[in-house]
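Chain A is fixed; fit chain B onto it per the hints.
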Amino acid sequence: MRNSDLKRRSLVFIAIVVLIACIFIAKLTHLQLISSEWSNYAGRLTEDRERLDPIRGQFLDRNGELLVTNIASYDLLITPRKAVDLDTLALAELIGWEVERLIEQLDKASNYSRYVASVLVKQLNYKEYAQISKELYQFPGIKARTRSIRSNVAGVAGHLIGEYREADQKDLNSDKFYSLGDYKGKSGLEARHEKDLRGVPGARYHIVDVRNNKREILADLDTMPISGSDITLTLDLGLQRFAEELMEGKRGSVVAIEPSTGEVLAIVSSPFYDADDLTGSRRGVVYDSLRTHPHKPLYNRALRGTYRPGSIFKMLQGLIALDEGVIYPHSVIECNREIIGCHGEHTADNLTQAITHSCNPYFREVMRRVVLRGKDENHLVDASIGLTNWNERVEDFGFGTDLGGNLPGTRKGQIPSSGYYDGIYGKTHWGYSTIYSISIGEGELLTTPLQMANLACIIANRGTYREPHAIRDLGGRGKPEGEDNLHETSVNPKHFDPVIDAMQLVIEDETGTARRARVEGIEICGKTGTVQNKGDLDHSAFIAFAPRENPKIALSVYVEYSGHGGTWSAPIAGLLIEKYLTDSIKYKHRLDRVLTFEVDEL
Amino acid sequence: MSYRKASILKNLDWFLVTLVVLLVFFGWVNIISATSNIELADWLDWNGKAGKQLLWMGICVLFGLVIVNIESEFFIRTSMLQYLFTLLLLVAVLIIGKKIGGARSWFSLGGFSLQPSEFAKPTTALALAYYLSRDSSKWKSLRSRILSILIVGLPAGLILLQPDAGTVLVFAGFVFVLYREGLSGNVLILGFASLLLAIATILFGSWGGIEWFWGGWVILGSGILYIIREATVPRKRKSLTMWGSIMLIAGLFLSVGLHTGMEKVLKPHQKERIHVLFGIDVNNPDADYNIRHAKAAIGSGGFSGKGWMNGPMTAYSFVPEQETDFIFCTIGEEWGYIGSFFVVLLFTMLIIRVVVIAERQRSRFTRVYAYGVASILFMHFLVNIGMVLGLAPVIGIPLPFFSYGGSSLLGFTFLLSVLLRLDGERFKMLR
Chain A
1 MRNSDLKRRS LVFIAIVVLI ACIFIAKLTH LQLISSEWSN YAGRLTEDRE
51 RLDPIRGQFL DRNGELLVTN IASYDLLITP RKAVDLDTLA LAELIGWEVE
101 RLIEQLDKAS NYSRYVASVL VKQLNYKEYA QISKELYQFP GIKARTRSIR
151 SNVAGVAGHL IGEYREADQK DLNSDKFYSL GDYKGKSGLE ARHEKDLRGV
201 PGARYHIVDV RNNKREILAD LDTMPISGSD ITLTLDLGLQ RFAEELMEGK
251 RGSVVAIEPS TGEVLAIVSS PFYDADDLTG SRRGVVYDSL RTHPHKPLYN
301 RALRGTYRPG SIFKMLQGLI ALDEGVIYPH SVIECNREII GCHGEHTADN
351 LTQAITHSCN PYFREVMRRV VLRGKDENHL VDASIGLTNW NERVEDFGFG
401 TDLGGNLPGT RKGQIPSSGY YDGIYGKTHW GYSTIYSISI GEGELLTTPL
451 QMANLACIIA NRGTYREPHA IRDLGGRGKP EGEDNLHETS VNPKHFDPVI
501 DAMQLVIEDE TGTARRARVE GIEICGKTGT VQNKGDLDHS AFIAFAPREN
551 PKIALSVYVE YSGHGGTWSA PIAGLLIEKY LTDSIKYKHR LDRVLTFEVD
601 EL
Chain B
603 MSYRKASILK NLDWFLVTLV VLLVFFGWVN IISATSNIEL ADWLDWNGKA
653 GKQLLWMGIC VLFGLVIVNI ESEFFIRTSM LQYLFTLLLL VAVLIIGKKI
703 GGARSWFSLG GFSLQPSEFA KPTTALALAY YLSRDSSKWK SLRSRILSIL
753 IVGLPAGLIL LQPDAGTVLV FAGFVFVLYR EGLSGNVLIL GFASLLLAIA
803 TILFGSWGGI EWFWGGWVIL GSGILYIIRE ATVPRKRKSL TMWGSIMLIA
853 GLFLSVGLHT GMEKVLKPHQ KERIHVLFGI DVNNPDADYN IRHAKAAIGS
903 GGFSGKGWMN GPMTAYSFVP EQETDFIFCT IGEEWGYIGS FFVVLLFTML
953 IIRVVVIAER QRSRFTRVYA YGVASILFMH FLVNIGMVLG LAPVIGIPLP
1003 FFSYGGSSLL GFTFLLSVLL RLDGERFKML R
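Keeping their order, the protein sequence lines are chains A and B.
Sequential numbering of the first sequence, starting at 1, is according to the numbering used here.
Sequential numbering of the second sequence, starting at 603, is according to the numbering used here.
So that you can see chain A by itself, here it is in the shape it has in the complex (with noise of 0.2 Å):
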């Protein structure tokens, strides 16, 4: 071969040199120019994201005490990637764990993610933390983070708050602010205003090492976390304790609103519960019993009890009758005991006296002169006529509406249309004969406690209400938009006297069912209802409000198989007005009385 043939070679050695260096110039170009995923990637390796959780917004009452707020416990997280060479047997035994039970949960962080940090061991407390935290650095993987736990400081009001615990799967997959083991409001208003409540996360960033020790700040990417909103409720602590003690042992409700501001000052459904019981640990166990307990403690009978309104709704019947111009104040109606019984030394009352002595024919008759107006020559027609009428006349009042809804869970009850009618008879196929039960507050209707508290209102401001609601201020932003919306009910004010003067002497006459409710000093006005239960203790019911004039609360007491409306709500009610309005309690053996009925034995 010649030499300069050989010579040539020299090129084929450069080109192949050259070849190779344009191949990594060529990855060079692919992996720090182009592609992102690598640089990612050393991200993910070295930065450490630490999530700063914001403070929940706690809830106050209406003069600022404080009713639910945040303590501190402990949580220990697992990361799996960092989760090297993990000692398991070591800390299943520090944290007290079977180590089938930490391997089990360390599988399914690891199916959650690798990278993200799951919970392991949840709210410890204080002292258990100090235990385990001096060990900690020994398990790669493992941190602690404190949390925040809710605490109903005052222990009052658990229905109305609601629940906050973990979120599960189905928020984890609907809301990105959530990781598996975080915390969110469940029910009542936790879970209404869960967007106000939580408040932003914050995040500090660090650099680690390749044992994910921390090694350098980034403190410019770190974000401070923003506090939840506080919330400042319309209850009035005294008074919703006050309740409560005066409902424990009892089944039934209280609701106690400010007539001029819709602003509920208390809510109680008994049998309640201790709220923190259900934030904490044990929480699995006390829901379990509290579900499957007979009285139903879960279940807020204040919003959701729906209940025939009885003698109650004759003061709406006459209202309404008065205001359609079908009787006056002072139109006698004879006590015709022969269609519908009746109670009492009566024979014919004006409207004040029907409704104190509660006479059944009186309304029943009220009820027909407002339903059969004559529209239609046949009677059957007329009645339907009539009936949408009254029907939209009671909605106007609230009932068969969820109030606005302000209030979680709230629940609309039923006032019968004709529609409803016309499902169960036929079109024509009923007549006022047919339905007649519903003028004196029995058959097919259905009210809820807070309905007929928010009746106690109306009549109180003669003929408005504002929507009944919680929230005094958010945050320090006032109410929330649309929380009070004013509502009128279009019968004139002029009406509302004689059915104020009938409540003032269901109270105050002699004969009165509501004595027990009186205060020395202090102008209530109320009625009392009865609750039908076939072959039971009938439910007694009581609404009221008080003073008579500019009324400052007006309330419902519920009490389930007590008997009649007189016997434990209005004392109850009465308590609760002297209580609010001067104090105090002079009726000492009112309210020895009510602490020791107890109808659970029932």
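Just so you know, the hints here were simulated from the structure itself, not pulled from any lab data.
Computed from a predicted structure; not experimentally measured.
Going by beta-carbon spacing under 10 Å, a handful of chain A positions derived as facing chain B: (1) I23; (2) Q32; (3) S35; (4) S36; (5) W38; (6) I207.
Yeah, the Cβ is synthetic: ideal placement off N, Cα and C, and Gly gets one too.
Positioned in the frame of chain A, the structure of chain B alone reads:
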């Protein structure tokens, strides 16, 4: 003496010296970063690796100065002696050497460790140069071919026993030297073809292992290569082509056996590394740990890098062996695309410069030696950066002048100093 000294300094290839100095200095800068802890400002600790490397650099400057002042004649005459001495060392290290990282390739001398295979590279180059320059006409004889291959093969075989696959691969680079001296180009094509077929075997080896499938590959591959030869080679060399084709088919049949070879000869971790390279699922989730972290470090550098001493992947030891075999990661992370490009460019220039030097020699000894140097540098460049970039399997081999390590630096200093001296005397000598 003073005249001669002045004259050799005048005749030194300063361009080559500049390239080497740039590489060494930039390498050291990166070793500082790769071995220091950000909290420890005292990086110039003589017990630290950066300090030790500086010490080695000083030693190498002196060593280099001594060598360039030694007559070429000395290297030519003692080349075989040096070669035999290294062979002795390579045998000795197998017996009394220290085992580091699974390979018995180190002598432990007090605080320092020496790796005789680093010196085997230059002495093999010298020995090959000596043998081939004795009588140029003898290349065509079978005996001289066998002896040439033996000169390279003996140290390579001893190193394989350590075992140090990376250095053996460097010795494979001597094929370029033989090619320049007259070895058929078919050998390069054969090597390339075998590599392709080997890759195909690895990639598609799991297709059931049906024998006729491999036969199909062999026929297809050799057919394509035959067509390439037909199209590019002048008519009168067709006989060579025939030979080549026969060799090819033989080589390809060998590669059929590679699948079995992969299973039986390679160690599990080596097999795993090769599988990782080709993205084949391996059961061990950490098998590609090195290469993932290496790529992440380089990728995170972006265009201009994180800045010296500022790369978190480097500072917090995410890349194993980052001051030795994976030093290129530090360059990639802290100096970015610009720095990486610069290093690749410097190496390319260095190798080309050595080839240029080789081609301007009248002395065959110097030319063969220079090609040896170029081949060794090229193989290091190819295997090391290829590995770090995830283009080659993980094979432990240092990046010349960059990787921390006295033996490596000393070995390359010797390699280049001898070349500088030989080149400096190119007008005097005629061999």
